[in-house]
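Asker: Now for the letters of each chain:
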Amino acid sequence: MLRVRDAQDKAAFSDLFRHFAPRIKAFLMKSGASATLAEECAQDVMATVWQKAGQFDPARASVATWVYTIARNRRIDALRRSRRPEPEALDWGPESEPDQADIYEVAQEHLRLGAALAALPDKQRALIERAYYGDLSHSEIAHETGLPLGTIKSRIRLALDRLRHQMS
Amino acid sequence: MTIRHHLSDPLMMAYAAGELPEAFSLVVATHVSLCNECRAALAGFEAVGGAVLDASPAAGISDHCLQATLARLGQPDPAPVVTPRKRGTLPSPLQDYVGGDVDRVKWRSIGMGVRQAILPTGPGGSARLLHIPAGQSVPDHGHRGLELTLVLQGAFRDDCDRFGPGDVEIATEALDHTPVAEAGQDCICLAATDARLRFKNLIPRLAQPFFRI
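Protein sequence lines, in the order shown, are assigned to chains A and B. In terms of this note's numbering, the numbers along the first sequence are unbroken and rise by one, the last being 170. In terms of this note's numbering, the numbers along the second sequence are unbroken and rise by one, the last being 494.
This is chain A alone, in the form it adopts within the complex (with noise of 0.2 Å):
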């Protein structure tokens, strides 16, 4: 994805779309889309990724998260026709340069998290997989997820905090 990001490296992003737009198709068909709607969204979202790569800071999100957002933000626009308001964008400033701490923290808990998720009974599983694909209302899910998020949160948390100290 940096290779994208900071090179325009079109053989990087043939390797991003290869992983994630088939994800994304059966992801979007999860959701409800035919399968030709899923796969004309998948290229648009990944096209979006190309776009907007220069958005993505790998202190922040994985790659995986930061794809789901933009597939998240196709469906809506695609099967749900309605509007989603966002929260205020912070800004990070230029001077923050990505800790390498942080980048590696971020894909450790990517991988943490995904095999947290596979390691689910399956039934719960299926209803975060169902939370996630829409097939949910806010009243149906469940408050507790079982996943380790604890150790997202805080580290986000703490990059929050200092945020707004130098804020202040």
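Hint data in this document are derived by calculation from the structure and do not stem from the laboratory. Don't take every hint at face value.
Okay, the calculated bits of chain A under chain B, using three or more residues with CB under 8 Å as the criterion [as the list claims (entries may be wrong)]:
| id | region |
| --- | --- |
| 1 | 19 to 31 |
| 2 | 45 to 59 |
| 3 | 74 to 84 |
| 4 | 104 to 117 |
One-sided excerpt, in silico: chain A residues whose CB lies under 10 Å from chain B [as the list claims (entries may be wrong)]:
| id | residue |
| --- | --- |
| 5 | ARG7 |
| 6 | ARG62 |
| 7 | TYR134 |
| 8 | SER141 |
| 9 | ARG166 |
| 10 | GLN168 |
Which bits of chain A does chain B cover? Going by a derived footprint, with three or more residues having C-beta under 8 Å, they are [what the hints assert, rightly or not]:
| id | region |
| --- | --- |
| 11 | 8 to 15 |
| 12 | 36 to 42 |
| 13 | 123 to 133 |
Predicted, not measured: the structure shown is a model, and the values here were computed from it. Ideal placement from N, C-alpha and C gives every residue a C-beta, glycine not left out.
Starting from the known structure of chain A, fit chain B onto it as the hints suggest.
Answerer: For chain B alone, coordinates are given in the frame of chain A:
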């Protein structure tokens, strides 16, 4: 700002999944704009989305698709410049709906000094801003569905607790409450419901169809 009442995990997950009605999404986006803790929680739930996407079984996609996508790639956007925070009472997601800060809200009186402004949101819920004079109560009401109330200025109290700036009250059908604005400063809130409020008192109940609350 010390925020004591936060959004629930199911609401955060539904927002991260892109499945909340727009009115509730507006409350979440506004609260997250004010609250580091919930912004961090949102990032956690988006990371779950990333894990779910990564674990999705790959659907067949032809090489032709890749070629077609490569053919349409243009010059990437320059790195984004974050617009500085719009200073004011209303966080920026809300300012986008109002078209500015509090001074731009088109209030309508709904009686007893209380004013409201309905915000244009899509199906599945409704959102409105409420302006309650300091010390004044909002008519006693219950809910058929879910009601989220986010305090933007001042504070209110009800049978449950005190809610100050940035706090969200999550009220379900079980709760009948009479929120009272605290003395000192008028209270401004953003409220979203997925069903109509149920007033106990006849007069507000009669007024309901006219004011769309």
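Asker: A separate judgement is required for each hint: does it hold in the structure or not?
Answerer: Cross-check of the supplied hints:
1. 19 to 31: Per the Cβ count (11), the hint holds.
2. 45 to 59: holds (count 9)
3. 74 to 84: holds (count 6)
4. 104 to 117: Result for this restraint: holds, n = 4.
5. ARG7: holds, 8 Å
6. ARG62: holds, 7 Å
7. TYR134: With a closest approach of 4 Å, the A:TYR134 hint holds.
8. SER141: holds, 7 Å
9. ARG166: holds, 7 Å
10. GLN168: violated, 13 Å
11. 8 to 15: holds (count 3)
12. 36 to 42: holds (count 3)
13. 123 to 133: Since 3 is at least three, the answer is holds.
Going down the numbered hints, you'll see the structure goes against just number 10.
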